[in-house]
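J.: Each chain, letter by letter, is given below.
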Amino acid sequence: MSLIENINKLFDHRIRLGMMSILMVNEQVDFKMLKQLLGVTDGNLASHVKALEKANYIVIQKQFIGKKPNTQYRATKTGREAFKKHIEALEKLIQP
Amino acid sequence: MTNKDYLNDLSHIKELMNRSSRFLSLSGLSGILAGIYALVGAAFSYYYIFPRRSSILTLSQDNIVYVHSHYFKLLLLVLALVAGASIFTAYILSARQAKKNGEQMWTPVSKRLLINFLIPMVAGGIYILIKIKSQHYGLTASLMLLFYGLALVNASKYTLGTIRYLGYSQIVLGLICAAFPGYGFWFWVLGFGCLHILYGTLMYSKENKAA
Chain A
0 MSLIENINKL FDHRIRLGMM SILMVNEQVD FKMLKQLLGV TDGNLASHVK
50 ALEKANYIVI QKQFIGKKPN TQYRATKTGR EAFKKHIEAL EKLIQP
Chain B
0 MTNKDYLNDL SHIKELMNRS SRFLSLSGLS GILAGIYALV GAAFSYYYIF
50 PRRSSILTLS QDNIVYVHSH YFKLLLLVLA LVAGASIFTA YILSARQAKK
100 NGEQMWTPVS KRLLINFLIP MVAGGIYILI KIKSQHYGLT ASLMLLFYGL
150 ALVNASKYTL GTIRYLGYSQ IVLGLICAAF PGYGFWFWVL GFGCLHILYG
200 TLMYSKENKA A
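Residue numbers (numbering that gives the first Met the number 0), protein chains in the order written: chain A, 0 to 95; chain B, 0 to 210.
Be careful, since some hints might not be right.
[Stated by the list, open to error] Once the Cα atoms are required to be at most 30 Å apart in a straight line, the calculated DSS-like pairs of lysine-lysine come out as: (1) B:LYS13 <-> A:LYS49; (2) A:LYS91 <-> A:LYS53; (3) A:LYS34 <-> B:LYS13; (4) A:LYS83 <-> B:LYS156; (5) A:LYS8 <-> B:LYS110; (6) B:LYS110 <-> A:LYS76; (7) B:LYS99 <-> B:LYS13; (8) A:LYS8 <-> B:LYS99; (9) B:LYS156 <-> A:LYS34.
[What the hints assert, rightly or not] Covered stretches of chain A (in silico footprint by chain B; criterion: 3 or more residues with CB under 8 Å from a CB of chain B, positions within the stretch not fixed): (10) 17-25; (11) 28-39; (12) 76-90.
By construction, these hints were calculated from the structure, which means they are not laboratory data. Note that beta-carbon positions come from the ideal geometry of N, C-alpha and C, so glycine has one too.
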């Protein structure tokens, strides 16, 4: 069925969906904030970050604030479009 | 995946979007209390400060209102106390609500809220002070309502969106007030007193319904 096709397999995971949601409404978010909002461990978050980055849905920017390392994440244009399509598909599936 | 799962996904998305970009721990109770403080301050001004009006204000020949400093300073003090008490109450109640919601008080989100709320407030405050310095008191109440309303509308993007309706009301009230010179005090009472209590109650009842 074509409706199911538009459901993105990559977002078939609550944490990835959550991460993308946060990045849709914020220009950039750091690791600490993502971890706090999603309530996951460092390792768990890192693995999902890797998956989304591999698909080019997010970009990672590592920098230093003074001496402390700081990692910021942003959604890419590809990521945003994929997310929007996924949402539209979800909404269509709900309406009978 | 069932329909229910998809619905859960969508509400999960919405919830995270809100939580990551808005400070959600504002309590309607702080609005109700702010309104009460304003009414108390207004009553004190009306029964204690204003009867000495003749010694406060003089309408000179060139129609400029001159204010005698002692009682005017008392008015400003009442204003500052009302504002201070409202801010303090709002802070305490928000901290308590944030703890309940598992939200943190000082995050980039809440800082953004504060800055965006303060920009119209500070600009308005400075403007009003400049006007007062040059003895132009007539529009003080309407300016206060206007800038406060604008500050609320601006802040509503970074916290509970329903605040903007309070903002709209204050703006409208401020404009009507400007059209009726001489009744500034009553419009001030309506805006900072009654509207706060009204909206605070609406918000508070919605909070408790959801809980």
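J.: None of the hints should be skipped; say for each whether it holds.
T.: Results for each hint:
Of the pairs offered as hints, the one joining LYS13 (chain B) and LYS49 (chain A) holds, with about 24 Å between alpha carbons and a cut-off of 30 Å not exceeded. In summary, the hint linking LYS91 (chain A) to LYS53 (chain A) is supported, as the alpha carbons are separated by about 28 Å, within the 30 Å threshold. A threshold of 30 Å between alpha carbons decides the hint, and for LYS34 (chain A) with LYS13 (chain B) the separation of about 18 Å falls inside it, so the pair holds. Straight-line distance between C-alpha atoms of LYS83 (chain A) and LYS156 (chain B) comes to about 22 Å, which keeps the hinted pair within the 30 Å bound.
Pair hint LYS8 (chain A) plus LYS110 (chain B) does not hold up; C-alpha atoms about 36 Å apart against a cutoff of 30 Å. In summary, the hint linking LYS110 (chain B) to LYS76 (chain A) is supported, as the alpha carbons are separated by about 28 Å, within the 30 Å threshold. A hinted pair counts as satisfied when its Cα atoms are at most 30 Å apart, and LYS99 (chain B) with LYS13 (chain B) qualifies at roughly 20 Å. The hinted pair formed by LYS8 (chain A) and LYS99 (chain B) fails the criterion: a straight-line CA distance of about 35 Å is larger than 30 Å.
Distance restraint check for LYS156 (chain B) and LYS34 (chain A): the Cα-Cα separation of roughly 24 Å lies within the 30 Å cut-off, and the hinted pair is therefore satisfied. Interface restraint, the stretch 17-25 of chain A with chain B: holds (6 residues with C-beta to C-beta distance below 8 Å; minimum three). Residues of the stretch 28-39 of chain A with a Cβ under 8 Å from some Cβ of chain B number 5, which satisfies the need for three, so the listed coverage holds. Remark: the stretch 76-90 of chain A is confirmed as covered by chain B, as 3 of its residues place a Cβ nearer than 8 Å to a Cβ of that chain, reaching the required three.
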